[in-house]
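Visitor: Chain H is already provided as a structure; the job is to place chain Y with the ligand on it using the hints.
Order-wise, the sequence lines are chains H and Y.
With the numbering used here as the guide, the letters of the first sequence map in order to residues 1 to 398.
With the numbering used here as the guide, the letters of the second sequence map in order to residues 1001 to 1254.
Bear in mind the hints are in silico, worked out from the structure with no lab data behind them.
All of these numbers come straight from a predicted model, not from anything done at the bench.
Where hints are given, some of them may not hold.
Subject to a maximum C-alpha distance of 25 Å in a straight line, what follows is the list of computed DSS-like cross-link-like pairs (lysine-lysine) [unchecked claim]:
1) Y:Lys1131 with Y:Lys1028
2) H:Lys381 with Y:Lys1092
3) H:Lys390 with Y:Lys1092
4) Y:Lys1029 with Y:Lys1092
5) H:Lys390 with Y:Lys1094
6) H:Lys247 with H:Lys172
7) Y:Lys1162 with H:Lys381
8) H:Lys231 with H:Lys293
9) Y:Lys1131 with H:Lys172
10) H:Lys390 with Y:Lys1178
11) H:Lys196 with H:Lys247
12) Y:Lys1094 with H:Lys381
13) Y:Lys1131 with H:Lys196
14) Y:Lys1092 with H:Lys385
15) Y:Lys1178 with H:Lys381
16) H:Lys156 with Y:Lys1131
17) Y:Lys1178 with H:Lys385
18) H:Lys80 with H:Lys44
19) Y:Lys1028 with H:Lys385
20) H:Lys385 with Y:Lys1162
21) Y:Lys1094 with H:Lys385
22) Y:Lys1131 with H:Lys174
23) H:Lys196 with H:Lys44
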Amino acid sequence: MPINIVVCSIDRLSGSWKLIFTRKPKVRAERFTRRSDARTLTDKRDAEELVNVYEPLIARRYGYCTVTRSNDGAVIYGEKGRLSRLGVYIVHLSVIFMLIGGLVGSFFGFEGFVNIPEGEATDTIRIRNTGEIHRLDFQIRCDDFNLALYETGAPKEYRSSLSIIAGGKAVKQKDIIVNDPLRFRGINIFQSSYGKLPPEKMPRPETPAPGPSEAYTLNFTSRASGMSYTKTARVGAPVDIPEGLGKFVVMAYEADATFRGMDVGAALIGMLTPADGEAAEVLLPLKFANFDKMRGGDVMIVVDNQPQEKFTPQQPAEERYYTGLQVTRDPGVWLVYTGFVLIIAGCFVTFYLSHQQVCIVIEQLLKNSRVTFAGIANRNKLAMKNTTEKLFTAMTDS
Amino acid sequence: MSSSPLLSISTFVFALAAFLYMAALIFKKPKLTLPARWTVVAAVVVTTAGILLRWVESYQMGIGHAPLSNLYESLVFFAWTAGVIYLFVEFKYKNPLIGAFVAPIAFLAMAYASMSPNISDRIQPLIPALKSNWLIAHVVTCFFGYAAFAIAFGMSLMYLLKTRNPEKIDGIIGHIPKLDILDELTHRMVLFGFLFLTVGIITGAVWANSACARLMRGWQGKQIAYLSVLGFAAVLFTYFGVNLLPGLHSYGKV
Ligand code: HEM
Chain H
1 MPINIVVCSI
11 DRLSGSWKLI
21 FTRKPKVRAE
31 RFTRRSDART
41 LTDKRDAEEL
51 VNVYEPLIAR
61 RYGYCTVTRS
71 NDGAVIYGEK
81 GRLSRLGVYI
91 VHLSVIFMLI
101 GGLVGSFFGF
111 EGFVNIPEGE
121 ATDTIRIRNT
131 GEIHRLDFQI
141 RCDDFNLALY
151 ETGAPKEYRS
161 SLSIIAGGKA
171 VKQKDIIVND
181 PLRFRGINIF
191 QSSYGKLPPE
201 KMPRPETPAP
211 GPSEAYTLNF
221 TSRASGMSYT
231 KTARVGAPVD
241 IPEGLGKFVV
251 MAYEADATFR
261 GMDVGAALIG
271 MLTPADGEAA
281 EVLLPLKFAN
291 FDKMRGGDVM
301 IVVDNQPQEK
311 FTPQQPAEER
321 YYTGLQVTRD
331 PGVWLVYTGF
341 VLIIAGCFVT
351 FYLSHQQVCI
361 VIEQLLKNSR
371 VTFAGIANRN
381 KLAMKNTTEK
391 LFTAMTDS
Chain Y
1001 MSSSPLLSIS
1011 TFVFALAAFL
1021 YMAALIFKKP
1031 KLTLPARWTV
1041 VAAVVVTTAG
1051 ILLRWVESYQ
1061 MGIGHAPLSN
1071 LYESLVFFAW
1081 TAGVIYLFVE
1091 FKYKNPLIGA
1101 FVAPIAFLAM
1111 AYASMSPNIS
1121 DRIQPLIPAL
1131 KSNWLIAHVV
1141 TCFFGYAAFA
1151 IAFGMSLMYL
1161 LKTRNPEKID
1171 GIIGHIPKLD
1181 ILDELTHRMV
1191 LFGFLFLTVG
1201 IITGAVWANS
1211 ACARLMRGWQ
1221 GKQIAYLSVL
1231 GFAAVLFTYF
1241 GVNLLPGLHS
1251 YGKV
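One chain only, chain H, in its complex shape (with noise of 0.2 Å):
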């Protein structure tokens, strides 16, 4: 498609190139006065003196302005806007420096998440789709995560506290938001999900193994998202996991559970069913929390807190987050908006603006002189018309 446009344009341009940049357009008067809407008025003047009286009214209203006196008679010749004919090339050359840097930022940018939890930092992050690890020259270390609600418990805010270390110093320090990335060495970082930090990595002192319970807190992580969302689950009744990732339902409390000859100790047996696929067992014991990952699942399922737990009240202050951002680099980005620019530019013109021609021929007759007059545009034929329309009057009056 590019290669279509680019050739088009040069095909066509070349067509209109002369008629755009000369200096002394060719006035052919036959296609004026062939037209169907000439007007024509005889005035007893002769071509000279008409020629004094018409000139000025062409060379007030249009940029360009020519007479050419013969034996016969005169033409007068206006045109403007001559450079309008320009707007489709301009749009047609957003066009490839849209493509151009679409394909400089595929080509040469690139991509990626990371997960980081509050307090550490990272110089690796994983490329999108492909799943890569990009070493970045810096590392990343996010100093502090804030989640903020509303009164409704809808998310107001997410604001990461970042600090950019290169060389072992800390270069640079922002806090970011949804809104507001930091960028730093042409590279983008944008706050795009968080989560709460699994149970093992929490400094939280050890709880002997509860019995059975009514409830259970569960903590479902996305994996395509990342993020982790906490439910309360009743044994027996299903519950939703979020992104629409199926449906999960507590079954039972083992006190000894096994998992392949395994002993594991005390677990819930729940039975996931995901939104496309069949149900499944799943085994969550209680003491290891990671243990879900191993399945490898759309979701990982851990029993957040145990159920006496719950009911001493927790310190929030403890929980810790880690920050999901999205770390990008698109040098194309800047062709892309040039692109814009003209595309916009180019639109206008061409909508907008026209290549305006008028011609005024005046034959010299035995007594009196023939006056034909016309007009011509590319576009707005129809603002043409009354233009037209206007300066005839103003040559009938004169």
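Guide: Below, chain Y with the ligand without anything else, positioned relative to chain H:
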């Protein structure tokens, strides 16, 4: 008065305007189009007040944001832009009948916004993804584009009505502008809509790139697809269709 009743009133004023126009068309009473035009002016004024008041109220609630953030607000804004562009055309080309095809569209948008049980007219706090100055630029330009297409749609209906009897000069059909004028007007509207929708898409993309972490990978295809969205039917589809897609077009989650 608070903004909600004000916007309900404007729904009824748009309804009155649509009714007057319909009466003018059906009973062939061109005279009725004059009061109808002034009713549209009134409706636009009331809607303007309602939108501004809603903006102020959101600040009083401590969650201040431009009223452009959910389906209810965007429908109201759509009706407003359609009204404003129509009035501009009306006072430029002096043909009140054009409103006969615009007022019902504005009325339907308002009625749908205020009557549909699925659409809440509560002022809701802004989700983090929409907290950006780009929101206003993006939504305003998109909706000017949409409203222009809506008016082009109305004018095309007039055109079709006129072709049945283009020479007639009396009666209501005689009041419809001449075919070539309608043609030109529709063309201008479509160009205007195209330009604004282009700018709207561009502001959306720049926003996505500069602020909300979704880049333009695979974007060109989408760009061209969006640019070719010209017909009003397609416009309606994208408008309501975006709700079916996952993403940040939050008015989907009413
Ligand atoms: C109330 C109305 C609207 C709101 C709140 C809204 C919001 C947004 C937001 C938040 C983004 C950036 C999303 C991202 O991170 O990818 C965006 C992008 C975009 N919007 Fe809208 N929008 C609205 C109306 C429209 C309409 C009517 C169109 C119709 C064409 C539209 C077309 C787009 C496009 C094409 C993008 C660029 C997407 C990309 O490049 O990834 N928007 N919009």
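Visitor: Would you mind marking each hint as holding or not holding in the structure?
Guide: Here's how the hints hold up against the structure:
Note on Lys1131 (chain Y) and Lys1028 (chain Y): the hinted pairing is violated, with a Cα-Cα distance of about 50 Å set against a maximum of 25 Å. For a cut-off of 25 Å, the pair hint linking Lys381 (chain H) to Lys1092 (chain Y) stands: about 17 Å separates their Cα positions. With a C-alpha separation of about 18 Å, the suggested pair Lys390 (chain H) and Lys1092 (chain Y) falls inside the 25 Å cut-off, and the hint holds. For the hint linking Lys1029 (chain Y) to Lys1092 (chain Y), the alpha-carbon distance of about 23 Å falls within 25 Å, and the restraint holds.
Note on Lys390 (chain H) and Lys1094 (chain Y): the hinted pairing holds, with a Cα-Cα distance of about 19 Å set against a maximum of 25 Å. With a CA separation close to 44 Å, the supplied pair Lys247 (chain H) and Lys172 (chain H) exceeds the 25 Å bound. With a C-alpha separation of about 21 Å, the suggested pairing of Lys1162 (chain Y) with Lys381 (chain H) holds against the 25 Å cut-off. At most 25 Å may separate the alpha-carbon atoms for a hinted pair to count; Lys231 (chain H) and Lys293 (chain H) meet this at roughly 18 Å.
Distance check on the hinted pair: Lys1131 (chain Y) and Lys172 (chain H) sit about 24 Å apart at the alpha-carbon level, within 25 Å; holds. Between Lys390 (chain H) and Lys1178 (chain Y), the direct Cα distance comes to roughly 20 Å. Compliance with the 25 Å bound is thereby established for this hinted pair. Restraint check: the Cα-Cα separation between Lys196 (chain H) and Lys247 (chain H) comes to about 21 Å, which is no more than 25 Å; the hinted pair holds. Pair hint Lys1094 (chain Y) plus Lys381 (chain H) holds up; C-alpha atoms about 20 Å apart against a cutoff of 25 Å.
Annotation: proposed proximity of Lys1131 (chain Y) to Lys196 (chain H) holds, straight-line Cα distance about 24 Å (limit 25 Å). Annotation: proposed proximity of Lys1092 (chain Y) to Lys385 (chain H) holds, straight-line Cα distance about 17 Å (limit 25 Å). For the hint linking Lys1178 (chain Y) to Lys381 (chain H), the alpha-carbon distance of about 15 Å falls within 25 Å, and the restraint holds. With a C-alpha separation of about 9 Å, the suggested pair Lys156 (chain H) and Lys1131 (chain Y) falls inside the 25 Å cut-off, and the hint holds.
The suggested pairing of Lys1178 (chain Y) with Lys385 (chain H) holds, with an alpha-carbon distance near 15 Å, which does not exceed 25 Å. Taking the CA atoms of Lys80 (chain H) and Lys44 (chain H), the gap is about 30 Å. The hint is violated against a cut of 25 Å. For the proposed pair Lys1028 (chain Y) and Lys385 (chain H), the alpha carbon gap of about 32 Å is over 25 Å, so the pair is violated. Between the alpha carbons of Lys385 (chain H) and Lys1162 (chain Y) the distance comes to roughly 22 Å, so the proposed pair stays at or under 25 Å and holds.
Proposed proximity of Lys1094 (chain Y) and Lys385 (chain H) is supported: the alpha carbons are some 18 Å apart, at most 25 Å. Among the hinted pairs, Lys1131 (chain Y) with Lys174 (chain H) is consistent with the structure: their alpha-carbon atoms are about 18 Å apart, no more than 25 Å. Taken as a hint, the Lys196 (chain H) and Lys44 (chain H) pair is broken in the structure, with Cα atoms around 95 Å apart against an allowance of 25 Å.
Violated hints, in rising order: 1, 6, 18, 19 and 23; the structure is consistent with all others.
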